[in-house]
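Q: From these two lone chains plus the hints, build me the complex, please.
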Amino acid sequence: DTAVSQTPKYLVTQMGNDKSIKCEQNLGHDTMYWYKQDSKKFLKIMFSYNNKELIINETVPNRFSPKSPDKAHLNLHINSLELGDSAVYFCASSQEGTYNEQFFGPGTRLTVL
Amino acid sequence: DAKTTQPTSMDCAEGRAANLPCNHSTISGNEYVYWYRQIHSQGPQYIIHGLKNNETNEMASLIITEDRKSSTLILPHATLRDTAVYYCIVRDVSSGSARQLTFGSGTQLTVLP
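Protein chains in written order, with the numbering used here: chain Z, 1 to 113; chain B, 1001 to 1113.
By construction, these hints were calculated from the structure, which means they are not laboratory data.
Be aware that a few hints might be false.
Computed beta-carbon distance windows for the label pairs [what the hints assert, rightly or not]:
1) 65(Z) / 1026(B): 31 to 39 Å
2) 1040(B) / 84(Z): 41 to 49 Å
3) 58(Z) / 1092(B): 12 to 20 Å
4) 1058(B) / 26(Z): 31 to 39 Å
Beta carbons are placed, not taken as given, at the ideal position from N, Cα and C, and that holds for glycine.
Isolated chain B, as found in the complex (with noise of 0.2 Å):
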């Protein structure tokens, strides 16, 4: 039960912005939204969380709507070294139980040449 929806795949062209959507139209007020990426043979790695607010890292940014129902995770100049799976992850982090990350089938991101 991921509370999320994203398409199975896209790609993006090297250099160009890569702009992945994720819709949680039932995330609660103190639900935030993270994502993570796995790459092809890694464990997951953490991109951006924000629970509101845009959000801005060295990795890329995050564009969360003002009903909050949906959000835009942006790697602004995507390179070969981006192509992975990106998962989009509601998570309450106010209980115990919120420790556990529940992952959905993610968008595989292929950034080509």
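One chain only, chain Z, in its complex shape (with noise of 0.2 Å):
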């Protein structure tokens, strides 16, 4: 009854690949998010999406895209990989409202060799 999960838990890829993660939530949320955590422990904010509107944070580079199927699901596709995309990736959820608690799911380890 995992209420956010993703896959894979790791990734190890080459430079130059395009790889996808996969988040889905079982919480009936309308909100899904992606953060990146680097490996100085910076957690920051890379997209936030529902089906009204997509926010993106300007400093992620447009080889990152988000790409959501349904509700449930918000997945992260990567193409170029590079070296610097190496990190702990989180997706989250949360429910629009005054008071939106995140739940975030258990995270992807993305090594690019």
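A: In structure tokens, the structure reads:
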């Protein structure tokens, strides 16, 4: 009965490859997010998305794109992977509203060689 | 631009209260104070939030000063499982971009046996 799940948990790949990370939430939430946590442990928002609006952090390269097949899923596609993309990526979800507590997934550790 | 200042690290004896301070001297009237924590190798977890009144839930208490420029998260009886990085976040929930949490560097709380 995991609330927010991500696959894969670990992803090791070569520079230049294209990869995807999947996220699913079974909480019935209408908003989902992707965060990146780098080697210095700083957590930064990348995207927030609901069926009305996609908000992109302006520092995110356009090689990163979120894709939402339905309300319960928000996948992260990364093209032409670079060494600096190595990080832990967290998906989260919340219900739109004034006090929307966010629920986070377990994270995907991406290593680019 | 996390808008908050927290000590880098703190220790607490198991069974004692852990008091984690946070300064947010530039907080505006629309901004709430949120606390999240991140246990090693896990996703962040919501703890509590408040606007100006003190709040308590099953996990913790939140004390906000009258001028709202600082707050303290209190874990009344810390256990070893409370060892984590604790993030204090101020957030204006009235706008779309407010969905996005802006994490600072947080406080590493270590509960000692």
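Q: Holds or violated: 41 to 49 Å for the Cβ distance of residue 1040(B) and residue 84(Z)?
A: Check failed, 23 Å falls outside 41 to 49 Å.
Q: Range hint 12 to 20 Å: satisfied by the CB atoms of residue 58(Z) and residue 1092(B)?
A: Given about 18 Å between the Cβ atoms, the range holds.
Q: Is 31 to 39 Å respected by the C-beta to C-beta distance linking residue 65(Z) and residue 1026(B)?
A: holds, 34 Å
Q: Should the hint that residue 1058(B) and residue 26(Z) are 31 to 39 Å apart at their CB atoms be regarded as holding?
A: The hint (31 to 39 Å, Cβ to Cβ) is violated, given that residue 1058(B) and residue 26(Z) are roughly 23 Å apart.
Going through the hint list in order, the structure does not satisfy hints 2 and 4.
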